[in-house]
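Peer 1: Sequence:
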Amino acid sequence: MKNIISTILLASGLMLSAQVGINTNSPKAQLDVNGDLNLRDRIAVFNDTDKSLSFGNNDQLLVSQGEGYAPIWKTLRIPEYEPNKFYLIFNNSFSDKVGVDLSYSEEPNMSTSKAATFTKGASFGSLTGFKKISGLSQKISVFSTESKAYFQFETVVQANFTANGSTDTSIDYACGIFVDDKLINLRQSNLKASSAQFPFLTHNQIGVIENLSKGDHTVSVGCSRLTSYGDAPNRRLAIGKNTNTNINSFIAQSSLKVEVYEVPQAFNTIIN
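FYI, the numbering for the sequence shown is -20 to -1, 1 to 252, going by mature numbering (1 follows the signal peptide of the UniProt record, and there is no 0).
Just so you know, the hints here were simulated from the structure itself, not pulled from any lab data.
Possibly wrong hints are sitting among the right ones.
Straight line, CA to CA, 27 Å or less: simulated DSSO-like cross-link-like pairs of lysine-lysine [claimed, not checked]:
id, residue 1, residue 2
1, Lys119, Lys77
2, Lys119, Lys100
3, Lys112, Lys77
4, Lys65, Lys77
5, Lys112, Lys94
6, Lys194, Lys77
7, Lys128, Lys65
8, Lys94, Lys172
9, Lys112, Lys162
10, Lys100, Lys111
11, Lys119, Lys65
12, Lys112, Lys8
13, Lys162, Lys194
14, Lys77, Lys162
Label-pair ranges, simulated between beta-carbon atoms [to be verified]:
id, residue 1, residue 2, range
15, Met90, Tyr130, 28 to 36 Å
16, Ser32, Gln245, 37 to 45 Å
17, Asp148, Glu190, 35 to 43 Å
18, Glu134, Thr108, 24 to 32 Å
19, Pro88, Gly195, 27 to 35 Å
20, Glu190, Leu41, 32 to 40 Å
21, Thr225, Lys111, 18 to 26 Å
22, Asn64, Asn37, 27 to 35 Å
23, Glu134, Ala95, 46 to 54 Å
24, Ser103, Phe123, 24 to 32 Å
25, Thr198, Asp16, 46 to 54 Å
The beta carbon of each residue, even a glycine, is placed where N, CA and C say it ideally should be.
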């Protein structure tokens, strides 16, 4: 009899009150439970559109959609990491069709040798004559103190040389990969005149840096025209863009691929 009376009183309370509190005199919702909640059966979500009940699937979680909207079932996918192993965490690629033009007047007057100037960690601002390829400046994120970042840069270098069989007409140039405006990789090359007009070459380089600090970093690519020989001072050098119509901007465009491998430091236990 006591159970029947208690049930009747509880039902009456639910009908008469907009908010019901269990173990609290100040409920903050229609049903406010201050304490442990033990459910012995299923939880269902009512779909107001088709008036159906959704019980979800095994290993799904209820996720709030905000005030005024019913929660929905979501599957939480957490990869299972093995300690002390590197995993690919970030992978992206970027392209640029604007490129840079480098004239003879922009060649740096280097007071020290190239070997002394082009050193790992040199700041972009200290390398006179370098221009950034704007579309390749991008942010990357690192989440672990143990990481390896790989950068693959590819572009086309072209000069508007006239047909000239003499190899004395040529231009030295260099391209560097920078992280937070610090040089991590540099490659120097030379474009020579030939018997064909408007020669071009494909430039490819790969840079690696380990254990970047956790957080956001900016990767960028910059190039410089170093030295001109023969008739080259009168000629234009372009990197990541075409100087003449024997190739187009699609062929000459630059690309940068970024991969960040990390040893994860936040582990989430997976219970099957």
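Peer 1: Could you run down the list of hints and mark each one as holding or not?
Peer 2: Structure-based check of each hint:
Restraint check: the Cα-Cα separation between Lys119 and Lys77 comes to about 19 Å, which is no more than 27 Å; the hinted pair holds. For the hint pairing Lys119 with Lys100, the CA-to-CA distance comes to about 20 Å; that is within 27 Å, so the pair holds. Taking the CA atoms of Lys112 and Lys77, the gap is near 13 Å; set against the 27 Å cutoff, the hint holds. Straight-line distance between C-alpha atoms of Lys65 and Lys77 comes to about 37 Å, which puts the hinted pair past the 27 Å bound.
Of the pairs offered as hints, the one joining Lys112 and Lys94 holds, with about 19 Å between alpha carbons and a cut-off of 27 Å not exceeded. For a cut-off of 27 Å, the pair hint linking Lys194 to Lys77 is broken: about 31 Å separates their Cα positions. A C-alpha spacing of about 12 Å is found between Lys128 and Lys65, which places the hinted pair at or below 27 Å, so the restraint holds. Taking the CA atoms of Lys94 and Lys172, the gap is near 20 Å; set against the 27 Å cutoff, the hint holds.
Restraint check: the Cα-Cα separation between Lys112 and Lys162 comes to about 13 Å, which is no more than 27 Å; the hinted pair holds. Distance hint between Lys100 and Lys111 is fulfilled; the C-alpha atoms sit about 18 Å from each other, no more than 27 Å. Taking the CA atoms of Lys119 and Lys65, the gap is near 25 Å; set against the 27 Å cutoff, the hint holds. For a cut-off of 27 Å, the pair hint linking Lys112 to Lys8 is broken: about 57 Å separates their Cα positions.
Distance restraint check for Lys162 and Lys194: the Cα-Cα separation of roughly 17 Å lies within the 27 Å cut-off, and the hinted pair is therefore satisfied. Between Lys77 and Lys162 the CA atoms are separated by roughly 24 Å; this keeps the pair inside 27 Å, and the hint holds. In this structure the supplied range 28 to 36 Å holds for Met90 paired with Tyr130, their Cβ-Cβ distance being about 29 Å. Distance hint check for Ser32 and Gln245: the Cβ-Cβ separation is about 43 Å, which falls inside the suggested range of 37 to 45 Å.
At about 42 Å, the beta-carbon gap between Asp148 and Glu190 stays in the expected band of 35 to 43 Å. Between Glu134 and Thr108 the Cβ separation comes to about 25 Å, which falls inside the hinted range of 24 to 32 Å. Roughly 32 Å separates the CB atoms of Pro88 and Gly195, a value that falls within the hinted 27 to 35 Å. For the pair Glu190 and Leu41, the supplied restraint of 32 to 40 Å holds, since their beta-carbon distance comes to about 37 Å.
At about 23 Å, the CB distance of Thr225 to Lys111 agrees with the hint of 18 to 26 Å. The hint said 27 to 35 Å for the Cβ distance between Asn64 and Asn37, and at roughly 34 Å that hint holds. For the hinted restraint 46 to 54 Å between Glu134 and Ala95, the CB-CB distance of approximately 25 Å leaves it violated. Checking the proposed 24 to 32 Å range against Ser103 and Phe123 shows it holds: the Cβ atoms sit about 26 Å from each other.
Between Thr198 and Asp16 the Cβ separation comes to about 49 Å, which falls inside the hinted range of 46 to 54 Å.
Hints 4, 6, 12 and 23, counting from the list given before, are not met by this structure.
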